[in-house]
Amino acid sequence: MLDFLAMVPAFILGWIVVRLLAPLRSWVLQISLGVGLGIGITSSVYFLLVWIGIANRVTVLSAEIVLLAVAAVLFFRSKPAFQTPPQFAKPSWIWALRGALILGVCIFALDCSEGLTASPGGEYDAAAIWNLRARYLAAGAPAWKYAVSDKTGTNHPGYPLLTSGFIARTWTLIGDTRASTPAVFGLTFAVVTFGVLFGSVSLLAGEAIGMLAVLVLLASEGFVSQATAQYADIPLSYYLLSSLALLALSEWSPPMLALSGAFAGFAAWTKNEGWPFVAFVCAIALWRGGRRALAWIAAGAAFPLVLTLAFKLFLVEGREGMFPATAAAALKMIVTGGRWGEIIGSFVGSFWTLGFPWAHPFLLMAILAWAFGFARKQWWLLLPPLGLLAADFGIYLITANDLTWHLNTSNNRVVMQVWPAILFSFFIMLRPPAITAPAVKRAKTR
Amino acid sequence: MIRASIGALAVAVLALLASMSSYKVSEQVALKSPDPFRIADSEVRFAPTLALIPPSGVIGYITDMPVGERTGIIALMSTQYAVAPRALVAIETQKPEWAVGNFDRQGDYVALGLAAGYRLVRDCGRGAVVYRKARQ
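Same order as they appear, the protein sequences are chains C and S.
Each residue of the first sequence is one higher than the last, beginning at 1 in the working numbering.
Each residue of the second sequence is one higher than the last, beginning at 1 in the working numbering.
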C-alpha cells in the first residue's frame, strides 16, 4: 500500500499534464494516460538526479513538488475546451457487457493474486535485469553505476531505464527495497493498459466496442500471464497503445500530437523496441498529417529520446554483442532460407499461444467482424505495430545470438508488446451498433 | 442489430471462459512450482549474510553449481539479486575481499573456501556462507 501511495504524486502530475494537453471527455482515459505519463516523467527526473549524484528522498520529493506546483498553476489558469466526442448508441444488451467486464476484471485480479503468490519476485528477467538495476540505482553512488556497466556482471546494461528508474524512485521515497514495489508497478501498468484501451476505443467507436476490446485483451492469456512477470514488456505495450490512441484521437491538434510523441518517446525509454516504433509513428504522422504533424510528434518525443540517447552514448559501459561484426556476415544470415522459416514459424506459434484455441483472440475478433462489420478507414493505425513486428523480424534475421534460443526467450513477448495496439486498431475499425428508434428518441431529448 | 448482439454476447461469454481458464492455469502453476527461480527463497536464505558483508562494493561468488548450466545460472542470478546493491562476481575473474558461498549440497565449506583463497566467516545455513580473503 505504501508503494502505491509513493507512486501517487507521479500519477497526479501525469494526469494534470494530460488534462492540459488532451481535453478528452473520458475520465478513465485521462487517468490511465496520466499514470503512464507521470511514471515516464518522474523516472526520467529521478534518473537525472541519480546521474548528477544528488538523488535522495529530499531531492526527489522536492523535484516532484516543483513539477506538480508548475503543472497545477498551468492547470488552474487553463480553460480546457473539451472535445465533443461522437455520440454512439447504447444497445439494450450493454448491461450484459458491463457485467461481463466487471467479472472479467475480478477474474484477472484473482489470476494476478495466484501469479504473485507463486512468484512474488517475478520471473527470471525481473530479478536478473529490471529489479536488480533498480536496486543499484536506489543505492546511489557508487553502486548505481553497476546498473549501466557490464563489468560487474549486469545483464544488458544498455537497456533503457524507465522501469528500473521508477521502481528505484519509489524505493528511494519509501526508504527500503521491498519486493512489493515492482509487483505494484507491473500490475498498475496492466490495469492502465485496460483503461487506455477501453477509454480510447469507447471515444472512437462507442462504449460497447470499448468493453469488447478489453474483454478480448482479458482473454489473451499471453498478455494476462505477463502481468505479474515484472518485466518491461507490458509497460512498453502500454506506451505503444497510448501513443497510437492519442494519434487517432488527436484530429491533428498540436498538443495531442505532442502528447502522442511523448508516449512514443517514453516507449524508447522503456525498451529498445520503442525506437523503431517512434520512427513508424513519425512516418505515419508525416504521411497522414503533413510536416506540421511530424514536427509536433517529434517535439513531444524529444525529451525522452534525448535522455535515452545521452544514457546510451555517455553512460553505458559495454555493448550488446547482438549483431554480426560485418555487413557480409549479416548478409549471409539474411540469405539463409532456414532462418526465415524458423522465424516465421516462431511468430505463428507466438500468435497461436496468445490464447486458448477455443476462445482464441483471433476467433473472437472474427466473430466481432462478422457481427459488426467494418466502418472506419483508419486502417493505417495498424502500420506502426506491424512495422515494429517487421523490425523485430529483421533483428532476428541478423541476430548474432543462437537464433532458436533468441526466439524461444523473446518472441512471445515481442508479439505481446504490440498486441494491445493491434487490438485498438482493429476495434476502432468496427462499425458501432446502429441507433435503434427508441435510442434515437432518447438521444434527441438529451 | 441482432447479429451484433449475438456476436457481442458470444464473445463476452468466451472471453470470460478464457479468463477463467487462465486463472486455473495460474492456480496450477502456483501449486506445482512456486518461486521457480528461487528469487524469494534466496532473499530469505541470504538475509543473514547481509549484516556480515560490506553494504556496497564488489563481492565474490563461490558455488558448487555449474555456472554455465541452467541451475547454476539461476542460482547466480537469484543470489546476485539477494545481495544487491552489492555487485557479485565469480572469484575466478576477480578476488574481492569478501565473498558469499551458495551451495546446493552439504559439504566441507571450509575446504571449498580455502581452495579458492578464502576463509569461512560464518555458515548461515541452507548453503549460504560468508567468506573473507585468506591472508597469506
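You may find that some hints are simply not true.
[To be verified] The calculated DSSO-like cross-link candidates involving lysine-lysine, where the alpha carbons are at most 30 Å apart (straight line), are:
(1) K377(C) / K90(C)
(2) K145(C) / K95(S)
(3) K24(S) / K151(C)
(4) K95(S) / K133(S)
(5) K145(C) / K312(C)
(6) K32(S) / K151(C)
(7) K151(C) / K377(C)
(8) K145(C) / K24(S)
(9) K332(C) / K312(C)
In case anyone wonders, no lab produced these hints; they're calculated from the structure.
Which constraints among the numbered hints does this structure fail? Numbers only, ascending. Failing hints, ascending: 3, 6, 7, 8.
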